[in-house]
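**Student:** Chains A, B, C and D, in that order, give the protein sequences. The first sequence lines up with residues 1 to 339 when you count with this note's numbering. The second sequence lines up with residues 1 to 339 when you count with this note's numbering. The third sequence lines up with residues 1 to 339 when you count with this note's numbering. The fourth sequence lines up with residues 1 to 339 when you count with this note's numbering.
There may be inaccurate statements among the hints.
Stated by the list, open to error - List of simulated lysine-lysine pairs, DSS-like, C-alpha gap at most 25 Å: (1) A/Lys248 x B/Lys48; (2) B/Lys118 x B/Lys4; (3) D/Lys331 x C/Lys325; (4) A/Lys47 x D/Lys252; (5) C/Lys110 x B/Lys48; (6) B/Lys331 x A/Lys206; (7) D/Lys6 x C/Lys267; (8) D/Lys331 x C/Lys206; (9) A/Lys3 x D/Lys48; (10) A/Lys284 x B/Lys118; (11) C/Lys233 x D/Lys89; (12) B/Lys48 x C/Lys233.
No lab work stands behind these hints: they were computed from the structure.
Protein chains: 4
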Amino acid sequence: MSKKLKTGIIGLGRIGQIHLANLLYHTPGAEVVIASDVSEAAHAAAKKAGVATTTNAEEVISHPEVEAVIICAPTPQHVPYTIAAAQAKKHVFCEKPLDVTIPAIVSAQKAVNDNGVKLMLGFNRRFDPNFARVRSLVNDGSIGDPHIVKVTSRDPAPPPLEYVKVSGGLFLDMTIHDFDMARYITGSEVTEVYVKGDALIDPRIKQYDDIDTAVIVLTFANGAIGVIDNSRKAVYGYDQRLEAFGSKGMAKAENNTPDNVIRFDDKGGQSALPLHFFLERYEKAYQSCMHSFVDCVLNDKPSPVDAHDGLMATVVGLAAGISLKEGRPVKIEEVYKRS
Amino acid sequence: MSKKLKTGIIGLGRIGQIHLANLLYHTPGAEVVIASDVSEAAHAAAKKAGVATTTNAEEVISHPEVEAVIICAPTPQHVPYTIAAAQAKKHVFCEKPLDVTIPAIVSAQKAVNDNGVKLMLGFNRRFDPNFARVRSLVNDGSIGDPHIVKVTSRDPAPPPLEYVKVSGGLFLDMTIHDFDMARYITGSEVTEVYVKGDALIDPRIKQYDDIDTAVIVLTFANGAIGVIDNSRKAVYGYDQRLEAFGSKGMAKAENNTPDNVIRFDDKGGQSALPLHFFLERYEKAYQSCMHSFVDCVLNDKPSPVDAHDGLMATVVGLAAGISLKEGRPVKIEEVYKRS
Amino acid sequence: MSKKLKTGIIGLGRIGQIHLANLLYHTPGAEVVIASDVSEAAHAAAKKAGVATTTNAEEVISHPEVEAVIICAPTPQHVPYTIAAAQAKKHVFCEKPLDVTIPAIVSAQKAVNDNGVKLMLGFNRRFDPNFARVRSLVNDGSIGDPHIVKVTSRDPAPPPLEYVKVSGGLFLDMTIHDFDMARYITGSEVTEVYVKGDALIDPRIKQYDDIDTAVIVLTFANGAIGVIDNSRKAVYGYDQRLEAFGSKGMAKAENNTPDNVIRFDDKGGQSALPLHFFLERYEKAYQSCMHSFVDCVLNDKPSPVDAHDGLMATVVGLAAGISLKEGRPVKIEEVYKRS
Amino acid sequence: MSKKLKTGIIGLGRIGQIHLANLLYHTPGAEVVIASDVSEAAHAAAKKAGVATTTNAEEVISHPEVEAVIICAPTPQHVPYTIAAAQAKKHVFCEKPLDVTIPAIVSAQKAVNDNGVKLMLGFNRRFDPNFARVRSLVNDGSIGDPHIVKVTSRDPAPPPLEYVKVSGGLFLDMTIHDFDMARYITGSEVTEVYVKGDALIDPRIKQYDDIDTAVIVLTFANGAIGVIDNSRKAVYGYDQRLEAFGSKGMAKAENNTPDNVIRFDDKGGQSALPLHFFLERYEKAYQSCMHSFVDCVLNDKPSPVDAHDGLMATVVGLAAGISLKEGRPVKIEEVYKRS
């Protein structure tokens, strides 16, 4: 890979800064030409690294040297910027979710296809070493046909209620990662979803028709059954585990900790709290994720997480919302056709 | 505990032999006076230990020295023998399930209450050191209010199809233990059940309206959500795990192995298969279970697993059957009232 | 194995009672004919099981039905009873150490050989499932040529000083098990020993020329290097671990706990204390050990732990004592020849 | 920390490149002004990052903007460059070992002290999250007085014989890290060392008076006993573990793996190989190490690994060499005074 991919970043919030640093320091195949943020205060890290900055996202897309645009703007801008970039013949890396409505996602997908550019979505967890290993064991047949896939995904603390109002709810904000993970691990499409959920941590969240605790059952086209358990608050910290059980065996990934020291005293053994939250837990995943994007563009490989993946994660999330509201299993085609 | 409880055993099949040995050699507070089995061949171990034998179960119940009857006969005889023993003022330890129909269970419960005797059901897994520890951590408030309880329960191999025909199906034959475990761990009643299941291991089982793979969601009166995953065939062996997640923390019990040796070579680390099946895995649990029965009778304590526990496990199993058939969540009261 | 081995037990202290129960209830190939203890109070359990009792050990040895004698008397009586039993053509199971002096051990060995009976020593740890698994991995070549063998052996609390006075000291009382384990795992003889030790727990023990903390380096004839670390007091309980490292890999056995539950709260993870002490930790090992003795007699197999094993463990212990006293590595032949 | 520390690097080999990247991208408090390497080919990464380059190490030391020199040159140049840098009033970070002879180390120490600059040695393992956690548990009294400290340190493959000739041997090339770790964990000085070692992996190494397998016993001034086990070749990969046992408990750090997935099939459980070698295993440690150096200079804190630490690690290594050669425990003062 001798040529470098010239990138531009839209949005230098928390996740934009991570992608900036990873492109600059951990992705030998990439350069960052320009980065935008409406707040000039966010420009500091980019400037320090010699990256041009602007408050106007359009300048990133239209910059003549930029070959790929990294979209880290708020969700409502994901599709508009993706379409604009595609029309400008720029490849796109876009944070998840692509959108929370099906027609918008489809329009982005069309723009990308029509203009022959790559689109990769930031489902970074696929690149976590634990989860990628489980996927690889499923993929190479080591566990046989998948029968049961289990995802445990718990946050250390609920987001502010202000955020809950606009986030699209638990399913589109948090579980969407788990829906993608379940699809990724089984290598199959979800056909039905059933949710049992409640507001066990903070009842006020019900005012926003949302929940903070859920068990979600997924049915897959290949016969596998999936189950996700979510909580907005695990007092011991971020809990991210996975298990794939099949006809020839089982693979399971445990949670990660900053160290593996066990201390024994007369009360028993004591071990560390988990890595605090997604920035720490998925540090390597964010790096591999960006490597993978640059690699797919430079070497003309298929996008490892494409618009269809974004579409299906959102569709499952919408079906989950209906299941919760109506207390019944919901077929995915019911939602998909409705769009 | 100076006085010894004088017991008689009905049924010397696999499980009867276990209880016999545990009463003889691991339960200092008990004696075995007489044991019955229709097959005289089954009498050998009892005779060797100086226990009187008979082919007639009624003789065990009516034996003047017998104070407590251990019922290990086939399921259809559980309730008749329980009622007969209760009427003879004998305490009863009965293998699970008490019965697969609600009225029969209620009639046994009534006989026991009317005659002032103890009835304990053989939900031995409650006495497993791992699971009892999780229960104790829930019970003492260590994990706070329970939010999510997860039970993994997988057998090493499916039973013969001949057995499946008469077993009452996955829910009443296998999952019934897990229903009881979920109730035990949460300390609360199930109010609703939803099942997603399939015959992924052996499609022939569908002929008997049964399945071999299931994910089951339970709703509890105290707000907790439970999830059980079952498989009739884990190629790596018997898999029995548990997790309780709550407002103050989480407790999880891993599967058990005969040794904890890890071997490392240039391929990675290798560890042992699990303990083969329930006899090995629950060896300690069977012993503690019988201790507990003898203790509750001798010291007039409440039965740790009573007729109500048997009733509820069966009711949840029946509701699960309806959920599977009709593809919808089923309220427990719907089944309970129907009886 | 249709025939039963008829045994007699000398000594019904703590360890004698364990062997009694295991012979009665866990060793189908054995019967217990008679048991002796100087204190009649110790006879209760034997009487309850229908075993004849006596205060005279000679009666056990001379009892016409007794085919094998289980010697659980104090150490100074091990050799005299072994010789007497051998001369009476009885097989012998003897608790360790056979003796703390080389000539006595050799005289027992001679009596056994001359009379064509079996002698097995109670190095029960060889039968622990963890350690037996490591041995089997060494034995079948899975780890290649052994290079380094590590034994961790720590007691939960030091014995009373009264006991230390007469026990033969750390090496002959406690480490002797570890010397045997190291020989067993490597399958090779110790050629040299070096000790660094101190009284770090209770300095009073130095009055008896003893120590309570030690690191011991062993050199083996096959080139392997062994290291044992001992402490008389691990506040977290009994700690028994093992590691064998070789040219093709490594096998390690961790300590055992009564349950494997981990609880996570906002302080971290908490796990159980180890199984309290040797009775709990080596419960299975004691059973397998007795099975093995009965099997070797009934089926005329070589004793799995013979007089030579007892001799070498003691010789290494004596060499360790010299090394500690003189602060230098000591060749085993230096001690062995001296005898 | 508003001010940036201006650094220059001498030597851009493997370790120099790591420090370069960490200073550039992971140490916000530092800048790299200039870097030298005799081979211009090594300059590429520095040039790319806008760092001036030279083939002359003296230019790095004398560069007027450079406040701290990072010495990654071959060992024989460590002391000369350290002295030159100190005389130029530059702070020094120097790779280990500072030197393999005591007088050279002392002369470096004197130069540093006389010129009032900081010297930190690259004992990076002190900054490994696992080991730092064990140190912290010892330091805060959680395990009480340390009694036994165990270090396992095994390489995945022996270095070329060419390297062995000039490396100073196992003790000064490999075990020196472990000597430092043992001192760090106990917080006490080694007073005596005993070595049992052999060439079990490749007998040719004996030609160079070296070994590839060793068990090393350390005695500490505070009474603790240490034991290190080394191998040049663990077929399963790099093995770096630690255990500290004391009067109030025990802390142990296990080896690290790239993922924590366990796969179970009908043969048992399989887990990952360890992180390959020191670059992967100590990635975080190298970063924290450099942070710590920059922090100690900018905020005038004591060097966390100073010349005395380098001196003692080397002295213990020299004593180990004598012990191996003469087959006896060697007092540290015997070596130290000899210098």
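**Student:** Next, verify each hint and record whether it holds.
**Tutor:** Taking the hints in turn, this is what the structure says about them:
Of the supplied pair hints, the one linking lysine 248 of chain A and lysine 48 of chain B is violated, its CA atoms being roughly 43 Å apart against a limit of 25 Å. Distance hint between lysine 118 of chain B and lysine 4 of chain B is fulfilled; the C-alpha atoms sit about 16 Å from each other, no more than 25 Å. Between lysine 331 of chain D and lysine 325 of chain C the alpha-carbon distance is near 17 Å, which keeps this suggested pair within the 25 Å criterion. Proposed proximity of lysine 47 of chain A and lysine 252 of chain D is contradicted: the alpha carbons are some 44 Å apart, above 25 Å.
Pair hint lysine 110 of chain C plus lysine 48 of chain B does not hold up; C-alpha atoms about 39 Å apart against a cutoff of 25 Å. For the hint pairing lysine 331 of chain B with lysine 206 of chain A, the CA-to-CA distance comes to about 22 Å; that is within 25 Å, so the pair holds. Distance restraint check for lysine 6 of chain D and lysine 267 of chain C: the Cα-Cα separation of roughly 40 Å exceeds the 25 Å cut-off, and the hinted pair is therefore not satisfied. Proposed proximity of lysine 331 of chain D and lysine 206 of chain C is supported: the alpha carbons are some 22 Å apart, at most 25 Å.
For the hint pairing lysine 3 of chain A with lysine 48 of chain D, the CA-to-CA distance comes to about 15 Å; that is within 25 Å, so the pair holds. Taking the CA atoms of lysine 284 of chain A and lysine 118 of chain B, the gap is near 59 Å; set against the 25 Å cutoff, the hint is violated. Pair hint lysine 233 of chain C plus lysine 89 of chain D does not hold up; C-alpha atoms about 52 Å apart against a cutoff of 25 Å. Taking the CA atoms of lysine 48 of chain B and lysine 233 of chain C, the gap is about 45 Å. The hint is violated against a cut of 25 Å.
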